[in-house]
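Quick mapping for you: the protein sequence lines, in order, are chains A and B.
Counting from 5, one number per residue, gives the positions in the first sequence under the working numbering.
Counting from 39, one number per residue, gives the positions in the second sequence under the working numbering.
Keep in mind the hints are simulated off the structure, nothing from the lab.
Among the clues, some could well be false.
Stated by the list, open to error - Derived DEER-like restraints, expressed as beta-carbon distance ranges:
| no. | chain 1 | residue 1 | chain 2 | residue 2 | range |
| --- | --- | --- | --- | --- | --- |
| 1 | A | Q91 | B | K373 | 45 to 51 Å |
| 2 | A | V94 | B | R224 | 47 to 53 Å |
| 3 | B | A249 | A | A148 | 56 to 62 Å |
| 4 | B | E187 | A | P44 | 15 to 21 Å |
| 5 | B | P348 | A | Y131 | 24 to 30 Å |
| 6 | A | A169 | B | K373 | 46 to 52 Å |
As the list claims (entries may be wrong) - Here are some, though not all, of the chain B residues that point toward chain A, as calculated from beta-carbon distances under 10 Å:
| no. | residue |
| --- | --- |
| 7 | R136 |
| 8 | M138 |
| 9 | E187 |
| 10 | R200 |
| 11 | V215 |
| 12 | R239 |
As the list claims (entries may be wrong) - Distance condition first, Cα-Cα at most 27 Å in a straight line; then the derived DSS-like pairs of lysine-lysine:
| no. | chain 1 | residue 1 | chain 2 | residue 2 |
| --- | --- | --- | --- | --- |
| 13 | B | K373 | B | K346 |
| 14 | A | K171 | B | K379 |
| 15 | B | K101 | A | K164 |
| 16 | A | K78 | A | K164 |
| 17 | B | K101 | B | K343 |
| 18 | B | K346 | B | K379 |
| 19 | B | K373 | B | K343 |
| 20 | B | K346 | B | K77 |
| 21 | B | K212 | B | K101 |
| 22 | B | K343 | B | K379 |
| 23 | B | K343 | B | K212 |
| 24 | B | K212 | B | K379 |
| 25 | B | K346 | B | K212 |
| 26 | A | K164 | B | K379 |
| 27 | A | K171 | B | K346 |
| 28 | B | K101 | B | K373 |
| 29 | B | K373 | B | K77 |
| 30 | B | K212 | B | K77 |
| 31 | A | K164 | B | K346 |
| 32 | A | K172 | B | K212 |
| 33 | B | K373 | A | K172 |
Ideal placement from N, C-alpha and C gives every residue a C-beta, glycine not left out.
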Amino acid sequence: MSAGGFPGSGLAKGLAVTLKTMTRRSTTQQYPDVAPELPPRSRGVIALLAENCTVCMLCSRECPDWCIYIDSHKEEVLVPGAARPRQRNVLDRFDIDFSLCMYCGICIEACPFDALYWSPEFEYAEYDIRDLVHDKDRLGEWVATVPPPPAHDPMGEPAKEEQNAAKKSAAA
Amino acid sequence: MAEALRELTVGTGAGIETEDMILNIGPQHPSTHGVLRLKLALDGERVVTAEPIIGYMHRGAEKLFEVRDYRQIIVLANRHDWLSAFANELGVALAVERMMGIEVPERAVWLRTALAELNRVLSHLMFLGSYPLELGAITPVFYAFREREALQAIMEEVSGGRMHYMFNRVGGVKEEVPAGWTRRAREVIGQVRGRLPDLDRIIRGNEIFLARTVGVGVLSAEQAAAFGASGPVARASGLDFDLRRDEPYLAYGQLDVPVVTRTAGDCHARFEVLLDQVHVSLDLAEQCLTRLDQIGGPVNVRLPKVVKAPEGHTYAWTENPLGVNGYYLVSRGEKTPWRMKLRTASYANVQALSTLLPGTLVPDLVAILGSMFFVVGDIDK
């Protein structure tokens with residue numbers, strides 16, 4: 005019955021593996037004591053840089069399960085020298101409901117003004133599901149944890165930001 | 039088999055007509071990987087009829103596709119079979135690209151192929167760990183998960199996700215890989231390949247494992263074909279069919295894809311196919327990475343602001359880790375599909391249980407069920 009050799013040799017072979025592994029260092033990660041090293045692209049939580057937001061609503065419209073809530077009002081700004089006061093959108097509310105979020109990253113991709121970023125932070129579990137709705141301020145706190153994006157593979161195309169910068173410096 | 043069918047009637051009252059007992063396995067049962075329900079009629083310990091009852095995890099994915107644009111569909115599509123998210127995304131992307139006539143840059147094609155193979159390894163390792171676990175062998179799962187962890191780190195570095203990668207886009211992939219990623223990926227592949235014999239030695243030839251799996255739950259090639267079974271389950275029955283070789287998509291046409299088959303069709307053969315396929319997939323992924331280092335250029339194409347598939351229909355199918363996965367896309371030229379039909383591997387494979395189970399014993403049930411390698415989300419969609 006066994007894969008060759010004496011009876012029980014399959015079992016012995018397995019135990020030999022166990023014995024070999026016993027002499028090796030364990031691969032256990034001591035999670036709460038030692039934080040895991042996460043790559044910069046890791047999708048942990050969404051950070052909001054409210055200064056960049058123009059209330060264009062693209063993110064909340066593109067979200068597959070509509071978990072972004074935005075409220076705003078219009079404000080008139082008097083610009084010295086201009087004939088008419090200019091209108092500006094002011095962000096009142098920007099909530100992301102992380103109990104609904106599917107972590108797809110479409111909002112971040114859709115944002116034309118770089119107001120949203122991924123952060124690898126993941127320790128925001130709550131006892132009450134309602135606390136998973138992060139408001140503007142809470143989302144803003146995550147900005148500090150956003151890592152710089154990794155450099156692209158030299159064989160591929162450089163990042164869009166790099167391309168634009170190169171174009172600008174060539175024009176100047 | 040002849041030995042297993044020999045029956046002995048002893049004791050008083052034996053041979054009296056008894057009523058069949060109806061036994062429900064699931065919907066909450068650890069060996070069903072989710073919420074599959076099996077309705078069994080038992081004559082003593084022997085299964086008379088078996089009926090898989092599905093739908094406990096139906097999430098209406100196909101209907102949801104109809105009100106989502108093509109980028110949002112990828113979010114949903116990668117979730118029906120949560121162990122092979124990359125392969126699922128790929129099917130949607132391939133279907134839409136074919137409809138729109140988009141040619142994907144070469145670098146993206148090789149990158150997709152490499153990631154699809156790594157995803158296959160991840161999915162197979164999951165079953166290689168969980169199947170012995172269901173049979174009472176607790177140790178192999180730790181070996182399987184050690185390798186999974188190493189590979190998931192590589193996938194996370196490139197896509198940001200450990201399960202739901204969201205890395206495919208219509209026209210290519212989301213973004214370029216980080217510098218040095220191909221080297222690190224190759225290192226991990228080497229590591230996994232080096233440690234894989236551990237998993238092989240610890241369980242493949244184990245006498246208890248052999249006793250529980252050899253000759254148990256034999257699915258013939260005819261039965262497999264009749265039920266539309268595919269993937270490792272069908273190949274273990276000798277059905278030599280693999281889309282990667284028979285109808286190459288991505289870069290598989292330029293690769294030599296060895297198709298792993300067995301003829302026994304029993305639980306052990308299905309396990310062996312899975313184990314050997316991991317080696318094949320690691321080799322393929324490594325070849326793809328080598329090519330990736332030689333091919334420069336973009337990894338996606340510029341798309342119009344609103345992606346609309348032109349009116350018409352197409353069927354794209356891919357060889358997913360669990361078998362053939364197909365997307366039938368019907369578009370009326372709008373930004374959402376008119377209909378997107380999913381053909382999933384688990385659905386067809388599980389149907390074979392209704393002929394596979396009658397005649398088997400209840401103690402073998404878990405062994406057979408586990409060896410069909412299905413994900414309930416993939417059945418119910």
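Hint-by-hint comparison with the structure:
no., hint, in the structure
1, A:Q91 <-> B:K373: 45 to 51 Å, "30 Å, violated"
2, A:V94 <-> B:R224: 47 to 53 Å, "51 Å, holds"
3, B:A249 <-> A:A148: 56 to 62 Å, "58 Å, holds"
4, B:E187 <-> A:P44: 15 to 21 Å, "19 Å, holds"
5, B:P348 <-> A:Y131: 24 to 30 Å, "50 Å, violated"
6, A:A169 <-> B:K373: 46 to 52 Å, "33 Å, violated"
7, R136, "23 Å, violated"
8, M138, "19 Å, violated"
9, E187, "8 Å, holds"
10, R200, "9 Å, holds"
11, V215, "5 Å, holds"
12, R239, "5 Å, holds"
13, B:K373 <-> B:K346, "4 Å, holds"
14, A:K171 <-> B:K379, "45 Å, violated"
15, B:K101 <-> A:K164, "36 Å, violated"
16, A:K78 <-> A:K164, "32 Å, violated"
17, B:K101 <-> B:K343, "24 Å, holds"
18, B:K346 <-> B:K379, "18 Å, holds"
19, B:K373 <-> B:K343, "11 Å, holds"
20, B:K346 <-> B:K77, "44 Å, violated"
21, B:K212 <-> B:K101, "25 Å, holds"
22, B:K343 <-> B:K379, "25 Å, holds"
23, B:K343 <-> B:K212, "15 Å, holds"
24, B:K212 <-> B:K379, "25 Å, holds"
25, B:K346 <-> B:K212, "18 Å, holds"
26, A:K164 <-> B:K379, "36 Å, violated"
27, A:K171 <-> B:K346, "31 Å, violated"
28, B:K101 <-> B:K373, "15 Å, holds"
29, B:K373 <-> B:K77, "42 Å, violated"
30, B:K212 <-> B:K77, "44 Å, violated"
31, A:K164 <-> B:K346, "24 Å, holds"
32, A:K172 <-> B:K212, "25 Å, holds"
33, B:K373 <-> A:K172, "35 Å, violated"
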